[in-house]
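> In case you want the letters, here they are:
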Amino acid sequence: MVKTKHGIEPMQQNIKRWQGALPRASAALALFAMSGLASGVGTNAGTDILNTAQVNYELDGTAVSQSSNTVTITVDEVIDVATVLQSPQVTVAPGQTGAVLVFSITNTGNGPETFGLTVLNNDAADDFDPVAQTPTIFFDSDASGDLSAADTPYVPGDNDPLLPADATLTVFVVNDIPAGLANGSVGRSTLRAESATGTGTPGTVFPGAGEGGADALAGASGGAAEATGEYIVSDVEIAINKAAVVVDPFGGSAPTPGATINYTITVSVTGTGTATAATISDPIPASTTYQPGTLALNGLALSDADDVDAGAFFATAPNGEVRVALGDLTQASGVQTITFSVQIN
Amino acid sequence: MTNRLIAAIAALLLTQTAFAQAGKIELKTVVEKEAVVLNEAGQEVTQLVPADKVVPGDVVIYTVTYTNVADEAVENVVITNPIADQLQYVTDSAFAPGADIEFSVDGGQQFAALESLTVERDGELVPARTDDLTHIRWTLTEQLDPGAQGFARFRARLN
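Listed in order, the protein sequences are those of chains A and B. Per our numbering, the first sequence starts with residue 153, numbered consecutively. Per our numbering, the second sequence starts with residue 1036, numbered consecutively.
Isolated chain A, as found in the complex (with noise of 0.2 Å):
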């Protein structure tokens, strides 16, 4: 699977393979506002607690301490998981291959467990099923959020996760969007997470299952845990043009060290859906500067500090970016214009 990415390339040749990937770039950017749901669960399965009472007293003017019996009680396993939907809705277009959901599956009982994942597509209630595609499951391989080419599929049976009490591990799921489906179109997608231990109502009891030999019992999930994210198809098409117009110290147009180039980004939305959150971001290309306060849209000035306005210049390598919020864009939105200047250096 390739990594959705969401930059402008700096050259005009280049933009058409970019567009494709914005209606998902709202999708894209949650990914980074995940976090971890670390808690604390309780004290380990198998874990001993031993307990002594001691008495101190006088008899005939002599201090004497003396200790009872120990008892000893010895925490169980207790078998939980949750599963937790980590994407918001995500806008898909029909047809659209590779549309990713992220779970997170966390083992909230007291002992380490394996579990066995399953993608479920066939809600009843949603307007279209989505295809899961083989492999279905990704491991966040590499912590980075993102469905990237370093992420592990899952094989059932093969690799099933083992996950310490309280780890938290990030999955993603990909499905197909079937062609030809209405805009506004919702199908959903389901991540279970069973224990191998097994499942049960809360309280059952596995004998001897649990770590170190214990009894393993179902906590409150009984074993087993379900979320389920959601497709909206956007029948939104996105046209992206980006000119430039060079102009040289001495009244030219060479592209000579010291010229200026004049961006000019132009955003349009046809159809009838909602490209949400739109956001355009492109790096300053090689070798130039980018010229201090010339980010506009709209022809109306945005300051470059990362601020209220839509846009800001971030000081990212190697040579910076500018990054827009165009926010939601339909077509009655219009054609937004983005204009920035960079100088060769």
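None of these hints come from the bench; they were simulated from the model.
A partial selection of chain B residues facing chain A, derived with a Cβ cut-off under 7 Å:
| hint | residue |
| --- | --- |
| 1 | Gly1058 |
| 2 | Lys1059 |
| 3 | Lys1063 |
| 4 | Val1066 |
| 5 | Ala1086 |
| 6 | Lys1088 |
| 7 | Val1089 |
| 8 | Val1090 |
| 9 | Glu1110 |
| 10 | Val1112 |
| 11 | Ile1114 |
| 12 | Thr1115 |
| 13 | Asn1116 |
| 14 | Asn1194 |
Ideal Cβ positions, reconstructed from N, Cα and C, are used throughout, including at glycine.
Fit chain B to the known structure of chain A by using the hints.
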């Protein structure tokens, strides 16, 4: 309360416990938990059962019984019981007829009433919480006559 007490004492008598050390006072500890069981009439009743296996969230009940097995009275009887790190004392659960109850937050060095204990948290002295407690202590107000017996008890929740 009375029913529970009777059940508890009955359970105590049934519990097999070895005495760790011979002395003038026989001291024994049992740990139990409450379980809801059906009685002969099919009604749900709460009983104390051995707490050898527990899970986080369970409340366990420690009961320490003391008996003077000497032929003379002993004085200044003080019983101390640790509260393990994994356990949190249940507020107001300490119980011992004829004894003063105090707590420690410093591993048993000093004892005081729970209300007057403080701990340092974020650089400030603040009232101790039940999860700060490390020990509980019962001080008998009277001497313990030959053959006399009593018990001390508290509840704690497994973290």
